[in-house]
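Novice: Sequence:
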Amino acid sequence: PGGEPGGGAEDAARVAARLVELWEVARVRTRDPVPPAQLRALGVLAAEQPMACGRLGARLRLTPSAAGRLCARMEDAGLLRRGRAETDRRRTELVLTPAGWRTLLAVRSDRREVMRELLAADRGTPGEEGVVPPAEPGDRGTDGERPRSVEEVEALEALEVLREMIVERLRRV
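Take the working numbering: the last position of the sequence shown gets the number 185, and nothing is skipped along the way.
Errors might be hidden in some of the hints.
[Claimed, not checked] Restraint ranges, calculated between C-beta atoms of paired labels, are given here:
{"no.": "1", "residue 1": "P110", "residue 2": "A78", "range": "25 to 31 Å"}
{"no.": "2", "residue 1": "L72", "residue 2": "V40", "range": "18 to 24 Å"}
{"no.": "3", "residue 1": "A132", "residue 2": "R81", "range": "22 to 28 Å"}
{"no.": "4", "residue 1": "G90", "residue 2": "A132", "range": "21 to 27 Å"}
{"no.": "5", "residue 1": "I178", "residue 2": "V107", "range": "50 to 56 Å"}
{"no.": "6", "residue 1": "R102", "residue 2": "M177", "range": "39 to 45 Å"}
{"no.": "7", "residue 1": "E36", "residue 2": "R96", "range": "18 to 24 Å"}
{"no.": "8", "residue 1": "A49", "residue 2": "I178", "range": "37 to 43 Å"}
{"no.": "9", "residue 1": "R73", "residue 2": "E176", "range": "16 to 22 Å"}
Don't read these hints as lab results, they were simulated from the structure.
C-beta atoms are modelled at their ideal positions from N, C-alpha and C, and glycine is treated no differently.
Working from the sequences, and respecting the hints, build out all of it.
Specialist: Laid out in C-alpha cells, this is it:
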C-alpha cells in the first residue's frame with residue numbers, strides 16, 4: 013500500500029551496504045600491529061585454545077604448510093607458544109602468550125572505538141540536520157518521492173535492531 017514493490021528490500025540493501033562500508037572504514041582507520049592472517053589466527057586461538065597448528069590451519073582454511081609457516085612467524089613474534097599436549101605428549105599445541113592476548117585485545121578495542129564513532133556520526137543525534145526520524149507507514153521515503161510501505165518500515169526497524177546488536181556486540185568484544 014502506497015510503496016513500490018521491493019522498496020523495503022532496496023532500503024535494507026542500502027543500509028547493509030552502509031554497514032559494510034563503515035566496517036571497511038573502521039578497518040582502514042585502525043593500524044593493526046600484525047598482518048590480517050595473524051589477527052584471524054589470534055581470534056581463533058582466543059576462542060579455542062589450546063589447539064594444534066593443523067587444526068588452526070583448517071579453521072583458517074590454510075594448507076598445512078602455510079599453517080606451519082604462520083605458526084612459526086607468530087611464535088617468532090612472541091604471539092603464541094608451542095608446547096606439548098598434556099593428554100598426548102607426542103602432539104604439540106598452541107596457546108596465546110600474554111603479548112598475543114594484548115595484541116588481540118588492543119586491535120579489538122581500537123576497532124570497537126572507531127566503529128562506535130562511525131555509527132554515532134552516521135546516525136547523528138536527535139535534532140541534527142540529516143537525521144532520519146523513526147519510520148512510520150505512509151511517511152515519505154528518504155527520496156521524498158513516495159510514501160514508505162509497511163514492508164519498508166519493517167525492514168528499517170529490523171536494520172535498526174541489527175545496528176543496535178552490532179553496537180552491543182562491539183561493547184562486549
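Novice: Check each numbered hint from earlier against the structure, then list the numbers of those it violates in ascending order.
Specialist: 3, 4, 5, 7, 8, 9
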